[in-house]
Amino acid sequence: MASKKQRIGVLTSGGDAPGLNAVIRAVVKSASSLGWEVLGIHDGFEGLLGTKSYRVLTNADVQGLLPRGGTILRTTNKGHFGPRRSDELSEEDPYVRAVKAIEEMGLRALITIGGEGTQRISLELHKLGAPVIGVPKTIDNDLAGTDRTFGFDTALQVATDAIDRLHTTAASHNRVMVLEVMGRHTGWIALHAGLAGGADVILIPEIPFSIERVAEKVHARDVQGSAFSIIVVAEGARPRGGQEMYIAEGRLGGIGHWVGEQLEHLTGKDVRVVVLGHLQRGGSPSPYDRLLSTRYGAAAVQAAARGIYGEMVALRGQDIVTVPLAEACGYLNRVRPHSDLVLCARSLGIVFGDEL
Numbered sequence: 004m005a006s007k008k009q010r011i012g013v014l015t016s017g018g019d020a021p022g023l024n025a026v027i028r029a030v031v032k033s034a035s036s037l038g039w040e041v042l043g044i045h046d047g048f049e050g051l052l053g054t055k056s057y058r059v060l061t062n063a064d065v066q067g068l069l070p071r072g073g074t075i076l077r078t079t080n081k082g083h084f085g086p087r088r089s090d091e092l093s094e095e096d097p098y099v100r101a102v103k104a105i106e107e108m109g110l111r112a113l114i115t116i117g118g119e120g121t122q123r124i125s126l127e128l129h130k131l132g133a134p135v136i137g138v139p140k141t142i143d144n145d146l147a148g149t150d151r152t153f154g155f156d157t158a159l160q161v162a163t164d165a166i167d168r169l170h171t172t173a174a175s176h177n178r179v180m181v182l183e184v185m186g187r188h189t190g191w192i193a194l195h196a197g198l199a200g201g202a203d204v205i206l207i208p209e210i211p212f213s214i215e216r217v218a219e220k221v222h223a224r225d226v227q228g229s230a231f232s233i234i235v236v237a238e239g240a241r242p243r244g245g246q247e248m249y250i251a252e253g254r255l256g257g258i259g260h261w262v263g264e265q266l267e268h269l270t271g272k273d274v275r276v277v278v279l280g281h282l283q284r285g286g287s288p289s290p291y292d293r294l295l296s297t298r299y300g301a302a303a304v305q306a307a308a309r310g311i312y313g314e315m316v317a318l319r320g321q322d323i324v325t326v327p328l329a330e331a332c333g334y335l336n337r338v339r340p341h342s343d344l345v346l347c348a349r350s351l352g353i354v355f356g357d358e359l
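According to our numbering, the sequence shown is numbered sequentially starting from 4.
Worth flagging that the hints you see were computed from the coordinates, not collected in a lab. Incorrect hints may have been included.
List of simulated lysine-lysine pairs, DSSO-like, C-alpha gap at most 30 Å [to be verified]:
| hint | residue 1 | residue 2 |
| --- | --- | --- |
| 1 | K55 | K8 |
| 2 | K103 | K81 |
| 3 | K103 | K8 |
All chains, please: the whole structure from these sequences, using the hints.
And the structure:
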């Protein structure tokens, strides 16, 4: 009698990022080489609830996915899977229902592609016995346990290109250009793009700033004969003694425009504000992100083949390893104010708006 075919599941959860489809492709192709069947779960963990929403993925289904942005499985950062506030198990608990669905679908493993929130959900499912394996995704690069998340390099490329373009128009009109980039809790995109693009001021969540200090930098450049300035600000940056800014309930944003308005008042210069927003999430992944996503997807299947669950694949140095999910979502990977990147920027004359 023929043995039952092994089956694994894969889903994408949280915000979208360039490289999601590349991971899906690698999972399907790697699983196919083992003779396994892959079920693609729709709409993140929500696809496990109620009438389960999924489809079988074959090699034919993933042709052409490597350069394609977004996710063919769709994703969501809303739904039923909030923090678990009780250890009591109930049949109505979405986590319990999800574990039951995984069992009913006969999954040897469930590969969960996402950031900190996704891996927190994965950890809770693992505690209930689900065979989960995480894959680290976030353009913010703030997930602990790994040196790099896929999606970050592409977002960085978009932000750096924007700075390059702003330089020419800023210099032509002697303007101050403020570029707001993503980065809710961490300033990795702002810091890397600011350095790569030659920004004059970088404002990040890890270093609360003084708007007066930023204005001083703009004035100093005028005195030195540089009548324009480029300022990069992460969406989660905040003035010293203040809080993050929101454009609507639960929607971070507005700091770029606030900085622009304050500088126009303090310096008297013409200030323009550009908010990149979701442009950083869209489009084709960079070659680096395609490669990293592919390595992550293949490594997740290899972990399933070895029976490694409750862990996340991660980049450590030049190697892909696995780390416990508890480590991956135990804290955020934040910019250290005295790291070599920050010190490098300061040595180049870049201002962070703090007092030194």
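Non-conforming hints, listed in increasing numerical order: The structure conflicts with no hint, since it agrees with every one listed earlier.
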